[in-house]
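Novice: Sequence:
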Amino acid sequence: MKDKFETFRASEKEQQELKRMAKKANMSKSDYIRHCVFNKEITVIDGLDDFAKQLKAIGNNLNQLTTRANMGHFEAVNLAETKEQLGKIYDLLTSLCKGETATETAVATEEPSVTELQIETDTGDLPLKKQLEKERNGFLSFLNRRF
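Going letter by letter, the sequence shown gives residues 1 to 147 in my numbering.
Calculated from the structure, these hints are not laboratory results. Hints should not be assumed to be uniformly reliable.
[To be verified] List of simulated lysine-lysine pairs, DSSO-like, C-alpha gap at most 30 angstroms: (1) K88 - K56; (2) K19 - K29; (3) K2 - K40.
Please take these sequences and the hints and turn them into a complete structure.
Specialist: Structure, rendered in structure tokens:
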């Protein structure tokens, strides 16, 4: 028996989109929301926050090393390779957030060593997807300026 109420806030645009999608599915808004909430599997990747923080720290360290190398304090070796590997890590992380398997990602990046990793995820959006894409774009922009 459905005798409890749940409320949430939505923008005008979100409300109109919800109404449109429910109508398209021939469902009431309540039925549509319940269907979306209870019939969709959400995959949580444990440690993704920590991984993103560590990856950001690696980027910061790379920035510091590059600055020191440019100042002539020491000779930096193979920074282009480091840039390439960090780019691949960001691509893998972004692909996981998009719901691709690691195998699909390995094929896309032509990185055979990654094919051993089999991580299956749902095709739904993960909360960090936009944040990670923004960080990735910023990081790659930084790398392109430096190298």
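Novice: Could you run down the list of hints and mark each one as holding or not?
Specialist: Hint check:
1. K88 - K56: Holds, at about 14 angstroms.
2. K19 - K29: The hint holds at about 6 angstroms.
3. K2 - K40: This hinted pair holds, its Cα atoms lying about 20 angstroms apart.
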